[in-house]
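Trainee: Listed here are the chains, written in short residue letters.
There are 2 protein chains.
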Amino acid sequence: MKTEVGVSMAPKVLVHGSGAIGSIYAYLLLKAGCEVAAVCRSNYQVAKKAGFHISSALYGNDIHIQPTVVRSPDEAASTRQTFDYVLVCCKALPETHTAEIIAPVIVDGQTAIVLIQNGIDIEKEYNDRFPNNTLVSCVAYLPVTQTSPGHISMGNMEKLEVGLCPSSDHEKLEARGSAERLVELLRSAGGNAAYHDNIQERRWQKLLLNASWNPMCALTMSRDVALLASTATTEDPDFAEDTVRAVMNEVVEISQALGYTSVNREAAVRVMQIAKARVGGQGIEPSMLVDALEQRRMEVEVILGNPTRTARRLGIAVPRLELLYMLSKALDEANRWRQAGKSVGGEDLKRKDGT
Amino acid sequence: MKTEVGVSMAPKVLVHGSGAIGSIYAYLLLKAGCEVAAVCRSNYQVAKKAGFHISSALYGNDIHIQPTVVRSPDEAASTRQTFDYVLVCCKALPETHTAEIIAPVIVDGQTAIVLIQNGIDIEKEYNDRFPNNTLVSCVAYLPVTQTSPGHISMGNMEKLEVGLCPSSDHEKLEARGSAERLVELLRSAGGNAAYHDNIQERRWQKLLLNASWNPMCALTMSRDVALLASTATTEDPDFAEDTVRAVMNEVVEISQALGYTSVNREAAVRVMQIAKARVGGQGIEPSMLVDALEQRRMEVEVILGNPTRTARRLGIAVPRLELLYMLSKALDEANRWRQAGKSVGGEDLKRKDGT
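So the protein sequences, as listed, match chains A and B. Quick note: the first sequence uses UniProt numbering, first residue 1, plus one each step. Quick note: the second sequence uses UniProt numbering, first residue 1, plus one each step.
Treat the hints loosely; a few may be bogus.
Since the list gives no way to pick one copy over another, a pair counts as held whenever it fits inside one copy or between any two copies.
Simulated crosslink set (DSS-like; lysine-lysine; CA at most 27 Å straight-line) [stated by the list, open to error]:
| no. | residue 1 | residue 2 |
| --- | --- | --- |
| 1 | K206 | K342 |
| 2 | K206 | K48 |
| 3 | K342 | K276 |
| 4 | K276 | K159 |
| 5 | K159 | K31 |
| 6 | K12 | K172 |
| 7 | K12 | K49 |
| 8 | K206 | K172 |
| 9 | K12 | K31 |
| 10 | K31 | K49 |
These aren't lab readings, by the way, just hints derived from the structure by calculation.
Can you make the complete structure from the sequences, with help from the hints?
Mentor: Given below as structure tokens:
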């Protein structure tokens, strides 16, 4: 009986979107004793056959994990398992309709949905679609890339800020228990997770980083340190740094208007220091830059569109964020249709897939 | 004697930088009866052997010209000719030091130097180096590209605004005579040239176009109509247009502070209309976009750097122009050193040519 009880009590987790971020949380939750299934798309064949190989400065250079690999939540549902947690680790793109895609594995009032994604206002489609389920909203600080299908390379940092959406669910015992249990599982495996009462404030805090470096690096095809260096030879050596910080300060203004007092100018200075500390090295490629280089979709709406619309609603002038939003949107659209070495002209804008 | 006098009176012209723009003015001045020599670099071999082939919706589709072709002003000087005009049609890049390069063909107090280039504050190095020579400063509206070495494709528009720098040279009979003679020569050949008392105001007028579309198209790899279309599907269909116009209006604010009253919001609306009239067609590739696609240097300093510095000197806030300056500068730097499909990291920033 003991063994059987143990098995039945092991939390069951589905990781939806098992790229770089998803693989690390699959690893930690397997290590914590969970049963983990992973929804894989582009890396399905490799992951199904050989699992994931992780090289991490934090967790070790020779990690191999073999979760159950499926092609879709639909396929996961067909196994008739009931998942305690569904982690959403794919990109937050408006056209993806992920809430609908994961619906087959969500048991009403039971499965907790865990979003590990960047940006602002990403939760609505899940709250709308699953009003009786706990929605855990997380902010991850985790430098990691999938270097080839199933092969993950990670730096020496992992931090997960865990909260509830809506924030008022903090008062609900079951919802809070679900979030705190997730934190405990991750911590038991060596992860650096913490529960936060107001996860939205933490989202805006991360936006300081994402709304500035992400589009600026993508638009200029430069890593962060290259971006800082690019104008260092002009008469104003701090011009690039001042401009990046001016973008961050627009995020600060919106955050302050929303009452997120911790997202202030001092916080922006600290975020800038993180990049400046990398000067002399190669710097990093923010996710939007990686996407731009591979001509994949970028998370423009949740990182720039939603914050810009919030600013407009609040009557706050954000000329730099609006410009970055427009430019990123245009680059994103161009990257969909253009051939390398060519611009997007009017003719190329016809939808080649018929949509 | 008559013939000899005729020959000696034919103006002698050196065109420095015989790409798309330079070739068209070489054609018009040859047609006007001038003796024309062309300094060619990348297209030297082809132009030396076969001249230039021009296809123009305005002037005809099968034009062939064969100016004298040289590799450098130095080589032109070695022929012991005295040039009446030296047309500078190369890009205005700070590191080029064109005033020094053309020095061998400039006869003190005699040769008129004619700049046909975009941007602001491009004249100083010429006024400084040749204080006794007439400096003709021109703004060209001329959609033209060199499709392959020596082959030029031009649209159905050509307009050249001609003035003097400093503007006070308007009072000098000789300087003004030199500028007006150039206008007459071009007009005699069917060109659309006109003399303007204050060419700087015309430069700022063109900057409405150049400081907005140029960097925005280059950063997003989009033609102008694609840029306008890119955000047309969001809830705010005019977002892209409003953002482009907001950039133009920053140019307007600086212009107004400088006393250039004709560069106003109505002018910005008219400039926007030119691009909007292209919607439905393929649109155009501004020069910075062409440069970005070919990973060549862009005219960032004269189109964005100098205007931004002027704004700062005048105490005018231009957040969008500053952001576009910084981003264009970084993209320009990245395009120098990065390989296609890769970002510029710290290591790549080492000067591969040893400079």
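Trainee: Take the hints in turn and mark each one as holding or not.
Mentor: For each hint, the structure was consulted:
1. K206 to K342: between (34 Å within a copy, 26 Å between copies)
2. K206 to K48: neither (34 Å within a copy, 59 Å between copies)
3. K342 to K276: This pair counts as between: shortest inter-copy Cα distance 22 Å, intra-copy 34 Å.
4. K276 to K159: The answer is within: 20 Å in one copy meets 27 Å, while 48 Å across copies does not.
5. K159 to K31: within (17 Å within a copy, 71 Å between copies)
6. K12 to K172: Only inside one copy: K12 and K172 sit 22 Å apart there, 88 Å across copies, limit 27 Å.
7. K12 to K49: within (21 Å within a copy, 76 Å between copies)
8. K206 to K172: within (26 Å within a copy, 62 Å between copies)
9. K12 to K31: within (13 Å within a copy, 82 Å between copies)
10. K31 to K49: within (20 Å within a copy, 73 Å between copies)
The earlier numbered hint that this structure contradicts is number 2, and it is the only one.
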